[in-house]
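Asks: Sequences and hints are given; from them, build the entire structure.
The numbers in my numbering rise by one with no breaks, and the one at position 269 of the sequence shown is 269.
Worth double-checking, as some hints may not be accurate.
[What the hints assert, rightly or not] Computed Cβ-Cβ distance ranges for the label pairs, DEER-style:
| id | residue 1 | residue 2 | range |
| --- | --- | --- | --- |
| 1 | Ala-163 | Ala-77 | 40 to 50 Å |
| 2 | Arg-116 | Glu-137 | 36 to 46 Å |
| 3 | Thr-81 | Asp-115 | 11 to 21 Å |
| 4 | Gly-113 | Ala-256 | 39 to 49 Å |
Honestly, the hints are just simulated from the structure, not real lab data. All of these numbers come straight from a predicted model, not from anything done at the bench. Where a beta carbon is used, it is the ideal one built from N, C-alpha and C, also for glycine.
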Amino acid sequence: MSTRPVPLAERFAALAADGRKALAPFVTAGDPDLATTAIVIEALDRAGAAVCELGVPYSDPIADGPVIQASYTRALAAGFTLEKLFAMVTAATARVRMPVLAMVSYSIIYRRGIDRFVADSAAAGLAGFVVPDLPLEESDLLDAACRGAGLALVRLVTPTTPADRAAEIARRSTGFLYCVSVAGVTGARSELPAGLVERVAWLRTQASVPVLVGFGVSTPEQVKLLAGVADGAIVGSALVRRIDELAPSGPAALAAGVERTVADLVTAAR
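Replies: Structure, rendered in structure tokens:
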């Protein structure tokens, strides 16, 4: 069956109308290969994920912890390329309703060329980008290209971002605002930091788009806690580790395991 993802704003509006919060899984493109990633994307959609963040692997990740770094290494060793990524995304987004965004280093966008990267992404069906290493002051060209193509440019606020700067980042983010829960790299934590709930509540007063929390979020209990204050939660390392555990069991078992894992998180986000 051929379909297309719903627009990002429409997705969040529908969740809000139902009184639900978003569960946004992060998975690494090409880990262990792109055919498996396509299977995972469909499983996430069936499980009810609101949005998928698709990590674009590269050799020198900065903000990613050991689990995601290892997944990038596996993907690159398996022959990942942007051309193969766009081909996979084109096929996958024709079969899901869930918007898919790329979490991608600005160095990759710059090397390909902003206009070409944005055009290729839009043609493939991507809904936008999360670009962790792009400073606000240097984002005008990509922001303009994204707006011209109807794609979101999701901005990030960290615990060390000064309040006036965080407010400006929140104002300029499109799609949603990514609230980084902890200072440091990605990876599951046993507890969320003190003060996070208050910080998220304040950010929601500054942003005109939904605020989602990521980094360190791994369990249904943490997702449920965040659902009480944020518009949604992003789960990355825990899911990447689960995919690595399930991959040797074959496509059917992998899809079923991913769907069960994410369905539990979706339920917690309600």
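Asks: Next, verify each hint and record whether it holds.
Replies: Going through the hints against the structure:
1. Ala-163 to Ala-77: 40 to 50 Å: holds, 42 Å
2. Arg-116 to Glu-137: 36 to 46 Å: Because 23 Å falls outside the window, the suggested range is violated.
3. Thr-81 to Asp-115: 11 to 21 Å: With a Cβ separation near 20 Å, Thr-81 and Asp-115 satisfy 11 to 21 Å, so the hint holds.
4. Gly-113 to Ala-256: 39 to 49 Å: For Ala-256 against Gly-113, whose Cβ atoms are near 40 Å apart, the range 39 to 49 Å holds.
Violation of the numbered hints given earlier is confined to hint 2; every other hint is satisfied by the structure.
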